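Spelled out from the first residue to the last, the chains are:
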Amino acid sequence: MEEKILTSQFEPKIASFVCTWCTYTGADLAGTSRLKYEPNVRIIRLPCTGRIDYNLIIKAFENGADGILVSGCHPNDCHYSSGNFYARRRFIVFRELLQFIGIDVRRVQFAWVSAAEGAKWAKLVNKFTSEIKDLGQFTNYQKIKRDIFLEEAVI
Amino acid sequence: MNYGYFPGCSLHSTAREFNISTKAVCSSLKINFTEVEDWICCGATPAHTTNHDLGLALPYSNLQLAAQQGFDTLVAPCAACYNRLKVSDFEIRKSDEKKNRIHEITEDKTEADISILHLIEFFKNDFGIEEIKSAVKNPLVGLRVASYYGCLLVRPNEIVNFDDEENPTSMDEIVSAIGADALDWSHKTECCGAAHAIPKTEIVLQLCKKLLQAAENSSADCIAVACPLCHANLDMRQNQINKTFGTKFNTPILYITQLMGLALGYGANDLSLQSHFVDPIKLLTRKNLIPQLEKMNREN
Amino acid sequence: MKNFKIKNDYKNFVKGLLSLNYLVIAPKYENGILKFSKIKNAAEILSPSEYINTVSSTKEYFFPQTEPVIKFTFEGKEIFLKDVEIGKKPKVVLGLRPCDAASFSILDDIFQYEYKDEFYFTRREKTIIIGAACESNDESCFCTTTGLAPDSSQGADLFIEKNNEEEYFLRAVTEKGERLVEQLIAEVEELEEEPKKNPLYEKIEKQIRKKIDLIEAKKWLDNNFENEKWEELSSQCLSCGSCAYLCPTCHCFDIVDEVNYNSGVRRKNWDACQFDLFTLHSSGHNPRDTKAKRYRQRVMHKFKYYADRFDKTLCTGCGRCIRACPVNIDIYEVVKEFAPLVEQN
Amino acid sequence: MNSISEIAKKLLDENRVSAVVGYSIGSLPNKTKTVIVKSSQQAEKLIFNNLCVNNLAIYLTKSFRLTTQKPVAVVMKGCDVKSVTGLIQEKQIEREQVFIIGVKCNGVSEDGKNLSPKCYSCKLQTPKMYDILVGEEEEKNIEFKNPFSDVEEFEKKSLDERWNFWMNELEKCVKCYACRQVCPLCYCEKCIVDKTVPRWIEPHTSKSSNLSWHITRAFHLAGRCTGCGECERACHHNIPLSLLNKKMAKVVYDNFNYQAGLDDKAKSPLADFKFQDKEDFIR
Amino acid sequence: MSRIGVFVCYCGENIGRTVNCSEVTQRAAKLRDVVYSVDYKYMCSDPGQQIIKDAIKKYNLNGIVVASCSPLMHEKTFRHAVVEAGLNPFLCELANIREHCSWVHDDKRNATDKALDLIRMMVEKVKKNLPLDTIKIPVTRRALVIGGGVAGIQAALDIADGGKEVVMVEKSPSIGGHMAQLSETFPTLDCSQCILTPKMVDVNSHKNIKLYTYSEIENVKGYIGNFEITIRKKTRYVDDSICNGCGICIEKCPQKKINSEFNTNLGTRKAIYVPFPQAVPNIPVIDKENCTYFKNGKCKVCEKFCDRNAIKFEQTDEFIKENVGAIVVATGFDLYSIEKERSDNYQGYGEYGYGKDPDIINSLQFERLLSASGPTLGEVTRPSDGKIPETVVFIQCVGSRDKSKGIEFCSKICCMYTAKHTMLYKHKVHNGKAFVFYMDIRAAGKNYDEFVRRAIEEDEAIYLRGRVSRIYREKDKLIVKGADTLIGKQVEIAADLVVLATAMLPQKDTVPFAQKLGIGYDKYHFLSEAHPKLKPIETNTAGIFLAGACQAPKDIPEAVAQASAAASKVLGLCSNDQLEREPYVAYVNESSCIGCEFCLQSCTYSAIENKSIVNSKGELVKKVAYVNKGVCQGCGTCVSICRSKSIDLAGYTDEQIYSEINSMFV
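The listed protein sequences derive, respectively, from chains A, B, C, D and E.
The opening residue of the first sequence carries number 1 in this note's numbering; numbering runs sequentially from there.
The opening residue of the second sequence carries number 156 in this note's numbering; numbering runs sequentially from there.
The opening residue of the third sequence carries number 456 in this note's numbering; numbering runs sequentially from there.
The opening residue of the fourth sequence carries number 801 in this note's numbering; numbering runs sequentially from there.
The opening residue of the fifth sequence carries number 1084 in this note's numbering; numbering runs sequentially from there.
Simulated from the structure, these hints should not be mistaken for lab results.
For clarity, every value in this text was computed on a predicted model and none was experimentally measured.
Yeah, the Cβ is synthetic: ideal placement off N, Cα and C, and Gly gets one too.
Incorrect hints may have been included.
Subject to a maximum C-alpha distance of 25 Å in a straight line, what follows is the list of computed BS3-like cross-link-like pairs (lysine-lysine) [unchecked claim]:
no.: 1; chain 1: E; residue 1: 1113; chain 2: D; residue 2: 870
no.: 2; chain 1: E; residue 1: 1304; chain 2: D; residue 2: 1065
no.: 3; chain 1: D; residue 1: 1067; chain 2: E; residue 2: 1282
no.: 4; chain 1: C; residue 1: 532; chain 2: E; residue 2: 1113
no.: 5; chain 1: A; residue 1: 36; chain 2: E; residue 2: 1694
So these bits of chain D aren't anywhere near chain C, every CB distance computed over 12 Å [as the list claims (entries may be wrong)]:
no.: 6; residue: 830
no.: 7; residue: 831
no.: 8; residue: 844
no.: 9; residue: 894
no.: 10; residue: 896
no.: 11; residue: 915
no.: 12; residue: 924
no.: 13; residue: 932
no.: 14; residue: 999
no.: 15; residue: 1002
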C-alpha cells in the first residue's frame, strides 16, 4: 500500500512536540553534551504535554510529516504536576483511534524524556528516524490530501 | 448462577455428618447444589506437598470437569478442598505458561473460568445471613459457640479473601443468625496440628489442648468448625488429650451445618449428631435445643 | 421531435453510450447507497424500473460541494494567481427522474442571474441529460404539486419511457439530445409514430401525494412574513442542513480561502440556510438568529422569493428532504398548512 | 396507568412545565415526528410506539438552553436518559430543569421492520432516572449482543483494510455536519470546525479533511457518547459513525473502566486521570 | 503587516562551524514578511544587542527572531534588549540553532537547512505573537495558619516575628496539638510541655497574632495574595472577652465523669472544662452533649458562680471573615484506629483486642500514663486495676507498613517513641521488663540510633524481630503470641500491659477540607506537596503551604523545620505589594465557551471558575469558564481539553502553534 521510496534517498520529515521543562531541556542537554543525532526532527516547544492536543498531530500529518514524536516529563515529574497524566490518557485514546482508522501508529511515538536525559533524547531521535526510514514515506496520508495543483476539477 | 457441589473425599468418609448436615440445610433453605459428576481428589496434603504441578493439576481437573458440566460456581464445604481449588485457580489465572503446562498434564484444554466458594462464603455473600435468620425455626438460644476457622479457610489472604485472615467473623455471623451466642475468643485461627496427627501426634495433642483450653476459658459450650481435619483433631483426640495432660475437656465439636440444621428444625438423627466422639446430644438435650418433633416440617 | 426505440436491451444501449467516449454518470450503488456515479461498464447500470430515486441529486456534478475558484502561490515575497481549469470531457447523465431533470431549468436561471457562473455553465454545456420516467414512487414524492408528473421530460435532452408493450423508447427533447441519438444509431431505431402513453404513468401519478395549490400558498406567504406559525413549524428542526445538501435545487455556497505556507486556494463550498452560522456577520450580529427565521427563509425562498423573480418554485417535489429529515419535518405538510389541495377529477 | 398525553396535559395545565417534548404520528408510515407541545390542547398528539427512535435529549440544549425558568418535560427511553445524565454531568442543564417522562421501552425501529442496532445491547428498558414512568415492560425476547462485537470484528482486519474501508466511507461525506447537529452531546455553540483562527479542520471535502473531521468528532465524543446512534441515523450517506463511537467507548471502558451516561457526578474520563493509568507504548 | 527582523548568531564558532550562517541569513531575508536579516559573531554581546535595537528602530520591526542558542539560555537577554528599543518583549522569539542544531549535527548541508527551517517556523510564530504584559497581582500582606499544633505555632511565630500579621485557627479549645499530650521527647528526653508551653503563650500574647481557638475554616475564596477566609467560631457558651479563666465554673460543675479527650479517655473531666491546665487560651468550653442544663434544662451552676457573667447559654456559632495573602496548612495527624469496625478503607486488628481489653492501649495513651500531668500523675499503672505492670509488651507497626490492612507507608516516628517508651518505663518501674516486637528499626536522624541503642543496651529493653499474631487474656495476664524471626521460634509473652505503636493518619475530615482549599491529597488523604523534591513546602495551589504531619508522618524537629520553611515562603510572598508573573496564562473566548467545565475539572491549580454572563435585563444567558490570572500557571492542559477551542494560552496560542506546524515542512 505505502510506496517505499529508496531508503537511501528518503529523508523522513519528523515533527516533534515537546514540553519545555523536561524534553526541551533534555534536548538542550543533548546539545551541550555534543551528542550527535539525525537532523530530521523539527521541534515545537510547548509548556507541557498537557497542551498537546490531538489536532496538532493531525495537522502535522496533513502538512506532510512522516512521523511524529511527542515527549514530556516522566509521570510524577510534571512541572505542573499532572499535565502529563492528562496527556497520557489522551494519547491512550487517540492512539487507539488512529489504529482503528488504519493509521500505522508506529508513526506516532510518545516518550518521556527528562531534563537529565539528553542521551535518551539523542537515542530516541535516531531510533525513531531509522524506524520511519524503514516504514517509508507516509504516502497513505499524503495521497489523500487535496493537492490543489494536481486537483483536477473532477467534472 | 449454576452451583456445582464438590464434597471431596472426607465428606464421603470420616466427615459424613458434614455432608449429611450440609444436604439437610440446603434442602431446608431450598438451595440447589448439584454434585459434580466424576470428581476426583482435590490434591490436598499428599499431592501438593510432594509435587507442585500435581498439586495444581488435580484441583484444576475438577474445575475443568465442573466447567464441562456447565457450572459457573463451585461450592466446597471442606476447607482443604476449598483451599486447594482456590490456590490452583489463582496460580493458573496468574500465568499462561503455567496454564499451558497444566492443560498438558490434564490432557484437557477446557478453560475453567469458575468461581469457587466455601460453603460459609456462599452463605454469607450469595445466600445472605438475613435469609438464614428468617428461616430459623428453632433458635439455639443460650448455646455458647466458639467458631473455629482453622488455617485453610481464611489463609492466605491474597487467595482466599472473603474474611479477615486474623480475626474472621463470617462463621460467627451465622452462629448469631441461628440464635446462638457467638463467642469472641482468642484462638479462631490458631493451628490444630492438621496432618501431623499421624506422624507427630504429640504436636496435635499439644496444639489442640491449647485450643480446647482457650474455648473453655471463654466458657464455650461447644466449638463450631467447617473443616473435617479440624474436626477430627479436636473431637477424636479429646480423650487422648485428657489422658496425656490430665485435663477434663468435654467440649463437643460440631460442624457449623449441624448447628444450622438444628436451628432449621432437624433432629439429631437427621444431622448424624450421634457419630461424634464427644457426645453433643447430652449438651443439646440439657439446653433443650433438639427439636421435639423429629423431621419436623422436613419438606417445607 | 423524434422518438427512438431501443433495439436490444437497456444495458446494450448503455454499452453503446460508453463506447462514444462520454463520461457516463448514472444511479449506482456505492458503499451501500444509491447515488449518481461514474459508470465504467454497462453491467453496472440499473434500468429505470430498478430504483425510485437516488439519495443525493445530480447537482454535485455541476455545482460540486467544493470547488476551487482561484489558486495562488507564494514565491519568496511574491504572490502568483493561477486560474482553475474545469473538466473538459463531455458527459452524459443518465436516468434522472423528472424531478431531477427539471431542476436544471431552475439552476440554469439562478446561475446566470445578473452574472453567468462559468463553472456551472461550462459543465452544463458539455453535458447531455437523459431523463427516465418513474415506474414507481414512494410516500415522500410530491412532484405533481410542483407541476411535474412521472413522465415529464422537462429539463432533459433525451427522455426514456416505456411504451404499451413494456419496451423502452427514447424521446428526443432537445436537438442536443437528438444529435446524441444519431451517434447511437446501431442501438436504436427511429419510431414512425408517437408511441401511446403507458397507463403505468397515470397510475403512479394518482398514487403520488395530492397536488397542493401553490398559487394559494404563495398568497399566504406574501402576507405572512411575520406569523407565529414559523416558530411552531420549525421548533423541532435541528439545523442539520440535510434538506439543503440533498435538494436538487438548493444552491447556496460559501467562499473560503485556504492558505498554506506556500500556496493557497479560494474555494466555493456548499452552505445551507438552516445552519445557525449561515448569515452570521463578522460583527457577531445574525439577522436570522432563530430557527424560525431560518426555516421561514427556506420556505419563502422556495415558494415565494424564487417565484417572485422567476415565476417558478424552487422545488421539484423530489421528496429527498422529507426522506432525510431526522425529525420528520415534511415540507409537503408544511405547505399544505397554507393552501388547499387542488381538486382533481 | 396514565398515558403520555394525559401526563403532558396535567403538567401543562398545572403549569409545572413550559413545554413537553415528545413524539407524534409522523407524515410517513415508518416515521414518528418529534413535537414540542406548549399547550394542553396539543398534548393529544403525544404518542409512544416502537418507531420512536429519536433521542429527544437534543432539544434540551437546542431549544431550551437556560431560556426557561420552568422545567421542560421530555419523553425519554432508557437509553435517552443517558444523554440527559451526560448533559447534567457537563453542566449544560440541571436536573430540576427537566421533567423526565420515562417510558419503558421494548426496542425501537428506524424503518418499522428491523430493530434498531442499539437495542440489541440495551440493558435499560426501564430508565435509570425519571420523574414519572409509563408503559409496560414486555418479556424481552431480543438476543443480547455484545455491543462491541462489530468493533472487535473490525479490529481483526489488517491495517490497510481498515484504512481503505474508512477512506471509502469518508469519501462519501459531504460535510453537512448533520451528525453533529443531531448529537445531544454536540452542544457547543461554535464547533471547532466553524472556528477560523486557526482553522484546524478545513471546510472543503476531501479524504484528508473529512478524516480530520471524523477523527475530531469521534475523539470529542470519547467517553461522552452514550451510543444513541442519532449521528449514524442522520447521515444520509450511511457512514458507519457508530463504529467509531463504539470504538472510543470501548477504549475508554477497557482502559479507564468508565461508561458514559451512567453517573451525573462522575468526571469525564478525558478530563480526568489516575496515577495508575496503564499504557505500553510510551518509551 | 508583519515586519520581522531575523538576527543570526555565529556564537563564535559554536554555530558557525556546522551552520553556514551567512547562507542562512541570506535565505532568511527572502522569507515572507522578513524585512531585515543580519548575522553577527556574538548576538548576545553588547554590540550584538545594539544591532537588534538599531534595526528595530531603523526598519520599524514588529517581530524579532534571534537565531542563536536555546531560549532557556538567552530568551530573557534578548527580550530585555527588545524592550530597550521600545518593543514589547513577547514579540521576540528565539530559534534554537545551537543546542538543537549546530551542536548535534555534523553535516553542514543538513544543519544549514535545518537552521533555516527553525528560523522560518519562528518567523511564522512570531507573526502571531501578541504583545503581552506581565501580570501583577496585589498581595494582602497577612497570613493564615490553620492548626495550632507545634508546626502551626512555629510557622505563626516565625511569620509574626517577621513583622507580618498572622491569623491562627485551631479547631479544639486550646492550641498545643498532639505535642502537648506527650510526656518527654526523643532523643533528648526533655519534657514536652516545658518546651512547648512557652511557645503557646507567645502565640497568645504576640501583637501580630490573632488567635481563634475552637474555630474551623468554613470557606476559602480567592487566590494567591488575595484569599478571603470565613472562620466559624464554634459556640463555647463562654464569652471569651469576659472570662478571666478563674476556673470556679469548672470546680462547681457537678458533671464529673466525662472521658477526657486530652487524656485519651484514661482520665475524666467536667462538662465545662479546659482540656488541660496549661491550655491556651485558658478559657473553658461547655460540652453541650454532657451538660446537665442542656440535657435536662436545669442546673446552670456555673452561671451562678461566675461573678463576671461570662457564661452564655444562648451563644451561637459566629462567622468571621479575614483577608490574607498566604495560607499555611498545619492540620497535623490523627491515630489509626485499631478496632475492627471502621468507616474508612483500612482493616482493623481485631486479633489484638484493642478496645476490648483495657490493658491493651495505644502509644498516645501510654504517653499520658507517663506524663507527670497525666491521669496517673506520671505513675505507670494498668488501666484495668491500677497495678504496676511488671511486663510490658510494645508492638510496633500496628497499621503501618501493612498492606493487608491498607496502609503501606511507614509512620516514621514509632521506632523512636517506642524506644523512648521502654526507657521511660524502665526509669519508672525498675524491675519491669519491656519487650518490643519490631519489623525494622528505623532510627535515621541526629542522635537517633544512639538513642535506640541506649534503650536496648542500658535500659535492657528486649527487642524481638517479628510480628504478633494474637493477644488474648488468660486470667491476670495478657498472652502475646508472636514470632521471633531471628531465632525462628514462636514466642508467647505473658504481659501486664500491651502498648500498640499505632500508625499515623491525616486528620479525619482532610478530604472536604482539602477540597475547600483546592489543594491535592494522596490516597491516604495526606495533603500533597507541589513537587516531591523541588517544592516540598508548596501545594499545587499558589500561596498555600504545608507544615507538619498533615503532609506525611513527621517527628517534631521535622515538623518545626517545615513550619519555618513555610513561614519563610510566606514572608517572601508578603515582602512585596505586588506579585509579578509571566503572562503565559489561559484566557477564555466567552462567545463560544459553553460552560461544560471540563477545563475547570482538569485544572490542577483550580485557576478556572464559573462566570455567569447576563444580558442587559440581568437574566442569565449562560455560564462560561473564567481564568483567574493570578492562579493560572500556564500549562495549557485546559486548552487541549476544550473541544470548541474556547480557551487558549497566551504565548502558546493555537494560532502560533498552527503557524509553526504549517511552516515546518516546506
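Results for each hint:
This hinted pair does not check out: residue 1113 of chain E and residue 870 of chain D have alpha carbons roughly 64 Å apart, beyond 25 Å. Using a Cα cut-off of 25 Å, the hinted pair residue 1304 of chain E and residue 1065 of chain D holds, with the two alpha carbons roughly 23 Å apart. Between residue 1067 of chain D and residue 1282 of chain E, the direct Cα distance comes to roughly 45 Å. Violation of the 25 Å bound is thereby established for this hinted pair. Between residue 532 of chain C and residue 1113 of chain E the alpha-carbon distance is near 7 Å, which keeps this suggested pair within the 25 Å criterion.
About 51 Å separates the Cα atoms of residue 36 of chain A and residue 1694 of chain E, which puts this hinted pair outside 25 Å; it is violated. Here residue 830 of chain D does not stay apart from chain C, with its beta-carbon only about 9 Å from theirs, under the 12 Å limit. The beta carbon of residue 831 of chain D is not kept farther than 12 Å from every beta carbon of chain C, the shortest such distance being approximately 5 Å. Annotated as non-interface, residue 844 of chain D keeps its C-beta farther than 12 Å from every C-beta of chain C; the closest such distance is 15 Å.
Every CB of chain C is more than 12 Å from the CB of residue 894 of chain D (nearest about 22 Å), matching its label as outside the interface. With 12 Å as the threshold on Cβ separation, the claim that residue 896 of chain D sits away from chain C holds: the shortest Cβ distance comes to roughly 23 Å. Here residue 915 of chain D stays apart from chain C, with its beta-carbon at least about 18 Å from theirs, past the 12 Å limit. The Cβ of residue 924 of chain D lies farther than 12 Å from every Cβ of chain C, with a closest approach of about 22 Å, so its non-interface assignment holds.
Against chain C, the non-interface label of residue 932 of chain D holds: every CB pair exceeds 12 Å, the least being about 22 Å. At roughly 8 Å from the closest C-beta of chain C, the C-beta of residue 999 of chain D falls inside 12 Å, breaking its exclusion from the interface. Interface exclusion of residue 1002 of chain D from chain C breaks down, the closest Cβ pair being 6 Å apart, not more than 12 Å.
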